[in-house]
Every structure is written in C-alpha cells, then in structure tokens.
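We have chain A already, so just place chain B on it with the hints.
Those protein sequences? They're chains A and B, same order as listed.
Letter by letter, the first sequence follows residues 592 to 912 of the numbering used here.
Letter by letter, the second sequence follows residues 1289 to 1586 of the numbering used here.
For the record, the hints were derived by calculation from the structure and aren't laboratory data.
Hints are supplied without guarantee of correctness; some may be wrong.
[As the list claims (entries may be wrong)] Have a look at the derived ranges for each label pair, beta carbon to beta carbon:
| hint | chain 1 | residue 1 | chain 2 | residue 2 | range |
| --- | --- | --- | --- | --- | --- |
| 1 | B | 1531 | A | 897 | 49 to 57 Å |
| 2 | A | 879 | B | 1325 | 41 to 49 Å |
| 3 | A | 667 | B | 1447 | 22 to 30 Å |
| 4 | B | 1485 | A | 804 | 38 to 46 Å |
| 5 | A | 818 | B | 1312 | 34 to 42 Å |
Backbone N, C-alpha and C define an ideal beta-carbon position, used for all residues, glycine too.
Chain by chain, the residues:
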Amino acid sequence: MSITEPPRAVAEAESSALLTPPTPEVLNRDRALNVAGPAWLFLAPFLLVFAIFVLYPLGKSLVLAMQQTYGPGATEWVGFDNFANLLRDDLFRLAVRNTVVYTLGSMFIQLPLALGLAMLLNRPSLRGRGIYRLVFFSPQLMGLVFAAMLAALVFEKRAGLLNQALHWLVGFDLDFPWLQTHIMWTLILTSLWMYVGYNMVFFLAALQNIDKSLEEAASVDGAGPLGRFWNVTVPSIRPVASVVVLLSLIGSLQLFELPWIMLQSTPGPGNRGLTVVMYLYQKGFETGDLGYASAIGWLLAVMLIGLALVQLWIVRREDRP
Amino acid sequence: MTPPAPPTKNQIAGATSHPLLSVCVHAALVPLAIITLIPFVWLLLASLKTPEDFSGSMFLPRGEQGGYDLTRLTFDNYTRLFTDPSIAIGRAIVNSVFLASATAVLATFLAAAAGYALARFRFRGRNAMTILVLGAIIVPPPLLLAPGYQLLFDLGLLDTFTGLILPVAAPAFGIFLFRQSVQQSVPESLIEAARMDGATELGIFTAIVLPLVRPMIGAFMLITFLLMWNNFIGPQIVLQSPEKMPLAVVVAQMVGLYEQDYGLLMAGTLISVLPVAALFLMLQKEFITGLTSGAVKG
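Chain A extracted, bound-state conformation (with noise of 0.2 Å):
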C-alpha cells in the first residue's frame, strides 16, 4: 500500500504542479486521498460501535416518541399525543419542578462554595492545601450509588448521623423526617457534599492558571481585594466557570439515581422526591411505555440542548471585546 510513503507522494503531486499549476483544492485533495484510507480504519471501530449503539437509539427515540408502546413488542402510533399528554401530565410537572428546585439549589448554593474554597486553597503559603484538596474531594471517590447508600444512613430518622449529631450538639428532633417531608434539602444537602470538592478542583485549576502579573498590575493601580476579585479572577475564570456551570445544569437537570437509591426505589411519599429521569425510566420500564418515556427523553433532551447554546451565546458574547 502507498499510505507508508505519502510525503513522497505528495511531493510528486507538488512538483508536477510546477508543471500545470493546479487549484489549492486539488492540491488539497491529492493530500487528502493520500491518508484517507489509514483514518478510516481508525475510525472504523468507534463509528460502527457509535453509529449501533448511539447514533440508530437516536433516530429511533424519535419514532418511538410517536408511539404508544406496551413492552418492546406491541406498539401504536399515536403522533405528537405523547407531547400532548406529558404537557397536561401533573406528575410530569411536579417532576420538571423538583428537578429545577434541586438544579437551582446546586448552582445557587453548591458552586459559589466550591469557588469560595478553591479561593481559600490557592495560596502556596497555605499549609496541608494539597491535604484539604484531597479531603474536600473524596467524597466523589465513593460514586453516586453508593454515596446514595450512605446518604440514605445518614438522614435516617433515629439511627441516622446527622439527626444524632444535630440533637447532641443542639438538641435538635431526633425523628426528624429529612427523608420523608424534607427530601429536595435532604438531596441538595448530599450533592453539595459529594460535589463540592470536585466543582472545586475546576475552579482551583482555573485560578492557578491566572496571569500573576495582572493581579499585581491591579494592585499597584490600587485596587483593593474586592476590586481585584472582580477586574481579575472574575474575567480570568468565566471560561472554566461556564463550563462548570454547563456541566453542573446538566447533570442536575438529569437527576435520578440519588432519589432513587435513598428512597428505595420509590419516588418517595407524595412524589416528593420524583424527577424527570425518573418519571421517565418509571413509565419505561415499570408501565413498560417506551414511547411516552422516548418523549419524556426528547423533552429533557431539548431543555438540555437548549440551556447549552444559551451558554454557548453567553460565552460568545463576552469574548467579543
């Protein structure tokens, strides 16, 4: 095969284009072929893989969003009526509502703690920083499944930590019912635990990357901390802050096996603890609807889609000048 040799060829195609002059694009093209075939068997594996397992689910997600289904076998088609019924859908709706109380509760709460900390640990001076980083960070070690686990332990009503700890320190109710009235704060409480550090670590890569030189320009031009926080590290950070805050919506928004696990499988009483994703496996595979939970799919999907090019436009428009 040629491809072991193609800077030879494609000196060959430069010298005859000193005989016939060709365009940059055959010149282009020549150079192309020359390594085309390599690329694709390099592809080849992930995109037969990809276009099984990711690329045909995809097409079909969208028939089966225009399907009644019961069990992979039996189907109906019933158009745009998924849309319509998951619209006037109250469970649906109490699920999108506890899904953004708990979205909003990560970014509002989590992320300016795991900017605050990260601040805290970017002093070389600081002792044991590497220590405390660890520290902070371990919590992701355990996995969400079994931090679920934990959790689940934790806020307990009798047995639980945490009501035992508040009730020797403050005598607080030991029959408190963290898991059973209080379960959105129990949630946004467990995920600022296990994501705090890791939101953290992003930040912390990001401030160390800050040019020295503009912080002590800011303080010789007499900006006080405040005002170097915001002309500084502000602007210096918003491109690892934006994706921190893309990547924490979208995991938010998505939701599902915290709940699930520290509530036992259930949605918890009242629903209180149901979130999109869910609503959805539970109506694709405890009802056994794989269209009506193809369409709770699109749904999220969309939102998703669409929060990342409001970013993306955030972004963008900030970095024009």
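The following block gives chain B in isolation, referenced to the frame of chain A:
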C-alpha cells in the same frame, strides 16, 4: 496520600500574605474538612459494630463501665457479606471488576484511535465527522434508555454483559479528550518523519502516538472504569439474572432486604467503595489532569 506540590507560579504573591490570615483560613477550612470526613468515619465504625452497639453509640462502641470499648468492634458484618448465600457479594465484585475493566479498555482504545484520526489526518468528511461525534456529547444518556433497551431486545443482547458494555464503548466525550490530547502533545512533524522512515500507520499509532498521550489514557481509563463501576441504571435495565448483577445493584438492593441491618449495609457500601478509592488514589494526579484539561485548556 498528599498529591505532589502544584506549580508554584504564584509563590511570590502567596508568600506576602499575613500569618494571621493563614490562621483564619485554617479556622475556616478545618471544620469543613471535618464535616466532609465524618460520614466516612461513621461508615467505617458502623460497619464494624453489632446492631446493639450501632443503636447504642454514635461512633465508638461504649464499654459496660462507661468509656469506650474497642474490643467490641467486630468483622461479623464482613463475614456475613461473603458467606450469606442470599447476598453473595463475591460474585458481584467479580462482575463489577470485569464489567468496569472491559469497558475501560475497550472505550479507551476506540476513543484514542478515533481521536487520533480526527486530530492528525486530513481527509474528506473529517469536519462532518468531528461535528457529528462532538455533537453527540450533548445527547443526554436517559434519552437513549428506551430505544437502547429495544435495540438490545432486537439483537438478543438483553441479560448479557455485551449488551451492557457495547452501548458505552464509543463515548463521544472520549473522542473529544483524545483529539485534544493528540493535538497538544503529538507533533505532526514527528508523524511525518516516522512515515518518511517507512513506519506503518499502525506502528506509528502504537509506538509514537499512544506513549505521547499516556496521561490521557490513564485518566480516561479511570473515568470509564468509575462510570461503569457506578453504573446503576444500565444493569437495572439490561440485566435480569441475579448472578450477573454488579455491586452497585446488589448493594442498593440490600437496602430493601436488610433495612434495619445498618452494619451489614455499611460493610457492603465500604467494600464497594474501597477498590475504586484505592485505584483513584494511585492515579489521582492523572485523573485530575485529565478531568480539568478539557475545561481549562479547551
């Protein structure tokens, strides 16, 4: 355990900070660190306690004459985990190790090869391919649950490990990471030179490209290993036979079965977490580099 000292670009600015400030920072950080770690301590001790001691004490078991009695700690919960035939956690561990390793190796290899192709070859359709794959990053995995289940049903792959592994073996995010990693650390001139010397394309990939992106290989293998280790919804949907279930499902199911048996639940959770925590601590530098590189440099 301590990660290596981070780059000291900002040594000068930090050195000028007041010693009192440092004390204040520690005063803020230490309580937060304790709150972060206390659930782990509780988890560990509860897994070593009998049910009576669990309800009788928050952390260390109390002795009969007051004070603490460390001799009351016991490995009974762990023994039960491995010997009670209705739990059979040993098989679940084997399943999880197999599933996570197979996925990590396969997904990393496929993503590295494809990311290299997109980063360092010029061919017709490359841009379209890049947009297609990177566009797939935004697809939320739950969207694929229903059609994926139907696909596996049609292919006869329900209740097989293959049906669990293949759908996550072509991660679009992996292509993104490897494409970027190749662009940053594999100079085009090096590849051209190797071609000039008559190296085969496969040879170039294995002998030049893979060693140069080694940090990303480590990070991505760990990321995919952890994803599969913690995969709960996938096995719930794809697998049916109890003996094929991984740890995440088996341990979560224990909650319903052994509701009041806190020590046993804690032991099961701890056993599930220890291997990945150990793996992470060994590879933590690569992991954090891989994790943040996309965000920071991208």
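Structure-based check of each hint:
1. B/1531 <-> A/897: 49 to 57 Å: violated, 43 Å
2. A/879 <-> B/1325: 41 to 49 Å: For residue 879 of chain A and residue 1325 of chain B the Cβ distance comes to about 44 Å; the hint holds.
3. A/667 <-> B/1447: 22 to 30 Å: holds, 27 Å
4. B/1485 <-> A/804: 38 to 46 Å: holds, 44 Å
5. A/818 <-> B/1312: 34 to 42 Å: violated, 21 Å
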